[in-house]
Amino acid sequence: MKLQEAKIKYIQTWGSLATSWGINKTMAQVHALLLVSSEPLSADDIMDMLKISRGNVNMNVRALIDWGIVRKEFVVGERKEFFVADKDIWELFKQVTKERKRREVEPVLKVLDELKNDIEEESDEATQFKKLMGDLSSVTNTVNGILDKAIKADEHWLLSSFTKMVKK
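All residue numbers for the sequence shown refer to the numbering used here, where the first residue is 11 and numbers rise by one.
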């Protein structure tokens, strides 16, 4: 397989897999393209390579910048904006984990705590509901703590910890 064919297959596969994780297919393909590109790419480059509209490129690049996994890069002599993806996969993992934690886990914790603490009713059903919310909050807090450790950890610590868990 030639390099260009491999890159195209990776971009297509990454886009398809990403939908399983709740990520927009086009966003994943834009990120994959930037990840495998050896040079910064302009919106026009991305449009041409992925056969998508300028609006779609701009919307997805902005979202990737908001996620902290793509950045603008200045190219001497060019007026266009160019974009690059961080190539450090460990840093990418940590940044995505950090953002998913902030966008998904922390709001759930807030709602669970509100639900657990704001019920004024005193009945068996209310008690069971409060206990359920407390149990869900406890599990979610544990996951949140694990994610915090993953974000702060170095690659070797996390991989060795994960390997130990799997062996047990």
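Note that these hints are calculated values from the structure, not bench results. There's no promise every hint is true.
[Unchecked claim] Keeping only pairs whose Cα atoms sit at most 27 Å apart, straight-line, the calculated DSSO-like set for lysine-lysine is:
no., residue 1, residue 2
1, LYS108, LYS97
2, LYS97, LYS111
3, LYS82, LYS35
4, LYS126, LYS35
5, LYS126, LYS17
6, LYS126, LYS108
7, LYS17, LYS61
8, LYS17, LYS35
9, LYS17, LYS120
10, LYS162, LYS82
Item to check | Index of numbered hints that the structure contradicts, given in increasing order | outcome: 4, 5, 9
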